[in-house]
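Peer 1: The lines below spell out each chain.
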Amino acid sequence: MNHILLLEDIPEIRAWLKALIKQVFANAQITECSRVQDALSLVNGQRFTLALLDLGLPDGSGVEVIAALREKQPEVQSVIVTIHDDDEHLFPALQAGAFGYLLKEQSRELLVEQLQRMSQGEPPLSPSIARKVIAYFAAQAKPSSQALLHEVSLTDRETEVLLRVAKGFTLPEIGVQLGLSRHTIADYVKQIYRKLNVSSRAEAALEAQRLGLFGRN
Amino acid sequence: MARRPPPSFLLALALLCPVAAQAQAPTTGLYWAATLHAWVAAMLALMATVVGLVSGLHPRERPASFLVGMMLSWVVLRAAAAPSAAGLRPLLMTLLVLCGVQYLLRQMNWKRGWIDHALLIQCLVVPASLLWTGGQVGILGTVWHAVLSLELVAAMGWALWLRRPQVGADEAQPRDFGLMAVLLLPTMAALVAEMLLAATSESLWWTASPWLGLMLPLLMLALGLQLVSSVAHARVDAEKRIAAIEQRTAERIAEVERSHGQLAEQKLEQVTERERKRIAADLHDDLGAKLLTIVHTSESDRISTLAREALEEMRLSVRGLTGKPVHLIDALGDWRAEVVSRLGQANILAEWKSPAEDVEHTLQARSYVQTTRILRESVSNIIKHSGATHATISSAVQQGDFILTIQDNGQGIPSELDGRLDRGHGMASMKSRAKQMHGQCLVESGPGWGTVIRLTIPL
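Protein sequences appear in the order of chains V and E.
With the numbering used here applied, the first sequence covers 1 to 217.
With the numbering used here applied, the second sequence covers 218 to 676.
It is possible that part of the hints are untrue.
[As the list claims (entries may be wrong)] Each computed BS3-like pair below joins lysine-lysine, with the alpha-carbon atoms no more than 25 Å apart:
(1) Lys-22(V) / Lys-507(E)
(2) Lys-167(V) / Lys-541(E)
(3) Lys-167(V) / Lys-195(V)
(4) Lys-167(V) / Lys-570(E)
(5) Lys-494(E) / Lys-541(E)
(6) Lys-195(V) / Lys-72(V)
(7) Lys-72(V) / Lys-190(V)
(8) Lys-190(V) / Lys-132(V)
(9) Lys-18(V) / Lys-507(E)
(10) Lys-652(E) / Lys-541(E)
(11) Lys-541(E) / Lys-132(V)
(12) Lys-494(E) / Lys-132(V)
(13) Lys-167(V) / Lys-132(V)
(14) Lys-601(E) / Lys-570(E)
[Unchecked claim] Counterexamples of contact, computed for chain V against chain E with all Cβ distances above 12 Å:
(15) Phe-25
(16) Lys-72
(17) Leu-111
(18) Leu-180
(19) Ala-204
Please keep in mind that the hints were generated in silico from the structure rather than gathered at the bench.
From the three backbone atoms N, C-alpha and C, an ideal C-beta is built for every residue, glycine too.
Work the whole structure out from these sequences, hints included.
Peer 2: Rendered as structure tokens:
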């Protein structure tokens with residue numbers, strides 16, 4: 001049975017999201033909370049299958065919960081539910097290990113469809129996020145960056161998918177263009193998100209080491 | 218030694234000279250030589266005054282006081298031609314040699330203690346020995362004369378040697394050396410020639426000696442002129458240097474001002490950026506959250522649609538407020554993804570045509586936002602009102618303009634709406650948005666023909 005963590009501070013929106021989840025996962029057990037601290041302690045105590053997390057909360061950011069889930073329950077799919085559609089807010093969450101994102105003001109039908117797709121392993125990918133991912137890996141591939149990070153790099157096919165998304169092609173269109181099934185394209189996108197997370201974590205670890213957070217260098 | 222002799226005294230000496238010289242020289246040639254000597258002596262007296270002033274005023278020109286001494290010794294030597302002053306002549310001659318040698322060597326910064334002492338001792342020994350032996354006519358006088366002449370020749374030779382051009386020196390050095398060689402070599406030759414003549418042929422010596430003797434005072438005049446001109450040059454150089462320093466200072470100040478201006482601009486930019494971000498965050502967190510609550514809790518579809526539109530508007534406004542310029546190619550990607558997926562959801566076949574070549578233009582954040590609104594509104598109209606089954610969106614860059622054409626095969630705008638092309642179609646606001654970007658938005662429509670919206674904005 002699905003056990004879903006829902007983190008949202010506005011009661012009305014939380015109730016609405018709960019209804020939305022019920023529509024997609026009829027038998028799901030939903031655990032609600034409205035603060036980052038509560039969510040973190042829940043993550044420590046209970047097992048979840050899916051987490052819907054708001055980004056801007058009174059006592060912090062949902063990104064902290066994504067990172068905690070990534071560490072303690074890596075099999076959980078973290079989905080950001082946010083009002084911020086800009087990549088400045090979404091990209092750090094994806095780097096922290098989010099599986100996808102939902103934009104709050106979209107119509108219920110669209111959100112239901114997107115949530116269903118995500119639960120079937122088809123994460124969304126917007127052109128601006130695709131561009132940001134391309135730029136991120138291009139910067140990592142530079143000879144000046146740390147050698148360790150080179151181990152995580154995109155394949156030609158993954159880059160091809162990203163470039164096409166950046167040009168505004170939808171994932172089904174790209175599937176047709178490349179002669180690949182919808183499922184295969186979705187796998188590429190998942191792989192891209194996973195690599196983004198792994199590379200970002202390696203980068204963060206190196207940065208921490210450089211700053212001497214681990215005592216000696 | 219007298220660095221600044223009273224000019225009147227010197228002038229008197231100089232005027233006396235021709236008379237003294239005339240008495241000594243019966244033949245015409247000798248007369249002219251004597252006259253020339255007198256004039257040269259007068260000029261030397263004047264030059265000595267000038268050089269004396271220069272060396273007195275400029276601590277760096279101290280060695281020139283030796284040149285003054287040399288000149289004055291010569292002038293007084295000429296004036297003391299009378300037999301009564303014969304006792305003074307050896308002293309004057311040794312003084313002249315002392316000053317000459319010191320000037321030539323010190324000019325090259327070549328200084329030796331033993332030479333200073335030797336020259337001073339010589340000033341005592343020569344006159345004393347001559348006085349002791351009685352007069353300068355004897356063999357001792359000739360010997361001393363030769364020794365003193367040789368000392369001068371040696372000093373000149375050494376000075377020239379010190380001045381020889383070094384390898385890799387600047388171009389001024391060889392020119393200097395050439396000038397000194399032209400001045401010193403004839404004088405050296407004249408001094409040596411006079412000695413040789415005195416030793417070999419006395420009659421020839423009598424005729425040539427006055428002419429050869431002119432070389433030394435002429436050299437002194439030339440050295441004096443050289444000194445004065447070098448001081449003048451130094452002043453020109455100093456003025457040039459001051460001008461260069463002033464220019465450099467001005468440049469430095471301009472640079473500092475420029476970088477200060479840049480810094481202030483950067484600071485302003487940072488503050489503005491921070492303030493914009495704060496406003497954006499406030500809008501998102503407060504207004505956005507409230508609108509969102511309305512969107513998802515309102516019983517009325519119309520109100521929740523309005524709230525959703527208000528939310529989209531708010532987000533675009535924030536983007537226009539905080540956004541950086543957008544690459545047109547990126548904007549086209551964003552628009553394509555949105556338009557194709559929206560039309561697809563409405564079961565309208567979308568055809569998107571982008572410019573074939575890679576466009577490198579950028580759009581201002583505001584232009585991007587306004588174009589997004591116009592495009593969004595057009596697509597909404599197609600979905601809600603047109604009844605179209607097919608839509609073509611094509612974009613092009615032509616002569617510095619960005620042109621976006623949105624065409625559908627729907628029923629067109631009903632004719633009763635013509636004239637007041639609005640009523641929820643948002644045509645008026647689309648047109649005013651185009652105007653805000655200094656562009657235009659044309660709408661062509663006929664019943665059954667579909668609608669074409671043509672947006673043109675300058676890049």
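Peer 1: Of the hints stated earlier, which fail here?
Peer 2: Those not satisfied come down to hint 17.
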